[in-house]
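Those sequence lines, one after another, are chains A and B. Here the first sequence is numbered in this note's numbering, starting from 1 and rising by one per residue. Here the second sequence is numbered in this note's numbering, starting from 1 and rising by one per residue.
Treat the hints with caution; some may be incorrect.
[What the hints assert, rightly or not] No more than 20 Å apart at the CA atoms, straight line, and that leaves these computed lysine to aspartate or glutamate pairs for EDC-like:
| hint | chain 1 | residue 1 | chain 2 | residue 2 |
| --- | --- | --- | --- | --- |
| 1 | A | Lys3 | B | Glu128 |
| 2 | A | Lys64 | A | Glu127 |
| 3 | A | Lys90 | B | Glu128 |
| 4 | A | Lys53 | B | Glu33 |
| 5 | A | Lys94 | A | Asp71 |
| 6 | A | Lys90 | B | Glu408 |
| 7 | A | Lys3 | A | Asp57 |
| 8 | A | Lys90 | A | Asp10 |
| 9 | A | Lys53 | B | Asp35 |
| 10 | B | Lys121 | B | Glu408 |
| 11 | A | Lys94 | B | Asp132 |
| 12 | A | Lys53 | A | Asp26 |
| 13 | A | Lys53 | B | Glu408 |
| 14 | A | Lys53 | B | Glu128 |
| 15 | B | Lys320 | B | Asp132 |
Treat the hints as calculated values from the structure; they're not laboratory data.
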Amino acid sequence: MYKQILVPVDLTHVDRLGKALQTAADLSRHYGAPVCYVGVTPEAPSPVAHNPKEFADKLEAFGKQQASAHDITATTRSYSATDPAIDINKILRKAVEESGADLVVMASHPPSVTDYIWPSHGGWVAEHSSSSVFVVR
Amino acid sequence: MTNENENKPDPGADPEVDTEALPEPEGASDIIETDYEVGQDNITPQIGPLGLDIHNPVFGISAAVVIVFVVAVLAVGGETSAAFFGDLRGYLTSTFDWFFIIAGNIFVLVCLGILVSPLGKVRIGGAEATPDYSYAGWFAMLFAAGMGIGLMFFGVLEPVYYFATPWGDQPLSRDIGIVDGELVDPATMEAARLTAMAATIYHWGLHPWAIYAIVALSLALFAYNKGLPLTVRSIFYPILGERIWGWPGHVIDILAVFATLFGLATSLGLGAGQAASGIGFVFGIEGMGGSVTAAVVLIAVITMLALISVLRGLDGGVKKLSEINMVLAGVLLLFVVLVGPTMLLVTQFFSNLGAYATEIFALSNPVGREDDGFRQGWTAFYWAWWISWSPFVGMFIARVSRGRTVREFITCVLVIPTIVSAIWMTAFGGTGINQIIELATESGVYNYVVAAYVPELSLFGMLADLPLAAITSTLAIILVIVFFVTSSDSGSLVIDTITAGGKINAPVSQRVFWVIFEGLVAAVLLIGGGLAALQAASVSTGLPFAVVLLLACYALIRGLMSEPRGDSPTT
């Protein structure tokens, strides 16, 4: 049913992504759909990487590790942005288009009043791309 | 990646790659190896529904220092504290005027030296990095951040002031062009005009932009090429080494936040007052000038617009606003040039540039001069002002300059803005002076600059003597407001990055906090009095920063020399 799964990952908070990663891996095996892990990094040095190249390398390593841990086929895509905190939604939409994903599996924070000011990324992607979105809480 | 990691079934495992050496950004660059990780000193408190990610102790101390200062100024009383800090600033600029002037000259020479040396071939972000922004977008942003609002305020005021000042602070103690309302002979008048224009371009030309360029280039180099966090302390790695992660670094960053926040809040407060006077003048509303209520409403509107812009991000917010600014400013400039004596202004532009080129040596001479009022009251003040703004403007320019070569960078941050400033000053100040030459005491500018000193109306006085004054003055007011929104937005991005330890992807709620905080500080000080005091305090940070920037020149050259000098990217 699904051909390509997209999983946005925040390499600074991998510990909080466990459930989403597991869900994505299970779906991947079930449908035989490869997973593409997407990461967005600032161009300036960040806690994860000193530059976008290092970030891409780390993301690739992460993807390989996930692939072997879950026995799935995985690729990675890394994007850099001047203002990632704001641009992330548009980058995710671009990633959906470029990878041809038809399912996005992403972790979400518990809903709170701030959602009125900063709507969730998952909701935005669901609204603005053709892909199905699975928000894991 | 280690084997152990590879076989771990736990999906939550740290994806830390066992890197022997850090990979280079895009193409070759000289990475600095340090054990410091961006954000390692950050704490992530949860306040209500908002998660924060802030540097400990820079965020806390900066916020505390700002609050303590505001409360102290209000407690002591606006006028007393204004007198104190005004005296402090006056003392610093009159005692250390020679130091500011020498420092300014060094910054220009260092920039020009780097421009022509082989170091100009270094590319920001690695030898094969590609620029994030087009020339137009990049240039609009650096101009809007750098001096947009100042050009609106001083564009007419400063040249006219030098041409006609009855207070004895004309540049180089030259003769002025109009004495007691009587125009002097044509030859003296032309000389006074040229001196006034040269002195103004001197204050808005190579020197301020060299100050910005040094800070911006250093920040960009140490972040994008060397992999250090994008924060002011990183520049000092070649000098202080690992110590920059401790207190010396904290102090530098806190000072930068202090200068930026107070610089922004006070110019927002004072600027809102000026905009209110302008609106009152243009639309003939009695009592708008000097009305605290009107100014506070304007601050609220500007803060609200800045908030919207900040939530739209850098590309959707600051960049768009800067481009709008450039178009509006261009329209206003074209109008002034086309409606005025176009050919005369074009000829004057070249004679002004010529005067700048010849007078720059006398103007930038630090010793043996008699023109205290000009040298200390204007030049040293300007240098302190530009320097205190340099962490903000420099950091913002740095953030948007990845992918440019050093030579391109200096050309676009030093040479082109100088020419644009000269064009602007020729059009606005030159028209103001031409109006005095033509109309003498009948001219609007004479009334607002010499007869009664109402500096905030000088621009409107000039526009009033041109046709379509109602339209152009409205356009000017809109420009002033949009420039403020842009500064408030880009300043908040910068403060947020510094107080987050160099992280540019900290939670968005933080930049919202800084935008609102800045507006609040401006409003509180406007109501309670004390804007002038804090502006003097923020300009006073120019002196310690001047020392810091001289060290930065050394660090910058050291940093550039260790970079590979690639030619333009091949792929």
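How the hints compare with the structure:
1. As the CA atoms of Lys3(A) and Glu128(B) are separated by approximately 35 Å, the hinted pair breaks the 20 Å bound.
2. Distance hint between Lys64(A) and Glu127(A) is unfulfilled; the C-alpha atoms sit about 31 Å from each other, more than 20 Å.
3. A hinted pair counts as satisfied when its Cα atoms are at most 20 Å apart, and Lys90(A) with Glu128(B) does not qualify at roughly 26 Å.
4. Between Lys53(A) and Glu33(B), the direct Cα distance comes to roughly 16 Å. Compliance with the 20 Å bound is thereby established for this hinted pair.
5. This hinted pair does not check out: Lys94(A) and Asp71(A) have alpha carbons roughly 27 Å apart, beyond 20 Å.
6. Distance restraint check for Lys90(A) and Glu408(B): the Cα-Cα separation of roughly 30 Å exceeds the 20 Å cut-off, and the hinted pair is therefore not satisfied.
7. Proposed proximity of Lys3(A) and Asp57(A) is contradicted: the alpha carbons are some 25 Å apart, above 20 Å.
8. Taking the CA atoms of Lys90(A) and Asp10(A), the gap is near 16 Å; set against the 20 Å cutoff, the hint holds.
9. Between Lys53(A) and Asp35(B) the alpha-carbon distance is near 19 Å, which keeps this suggested pair within the 20 Å criterion.
10. Restraint check for Lys121(B) and Glu408(B): satisfied, since their Cα atoms lie roughly 9 Å apart, inside the 20 Å limit.
11. With a C-alpha separation of about 17 Å, the suggested pairing of Lys94(A) with Asp132(B) holds against the 20 Å cut-off.
12. With a C-alpha separation of about 30 Å, the suggested pairing of Lys53(A) with Asp26(A) is violated against the 20 Å cut-off.
13. Annotation: proposed proximity of Lys53(A) to Glu408(B) is violated, straight-line Cα distance about 24 Å (limit 20 Å).
14. In summary, the hint linking Lys53(A) to Glu128(B) is supported, as the alpha carbons are separated by about 12 Å, within the 20 Å threshold.
15. Under the criterion of a C-alpha separation no larger than 20 Å, the hint pairing Lys320(B) with Asp132(B) is consistent with the structure, at around 15 Å.
Checked against the numbered hints above, the structure breaks hints 1, 2, 3, 5, 6, 7, 12, 13 and satisfies the rest.
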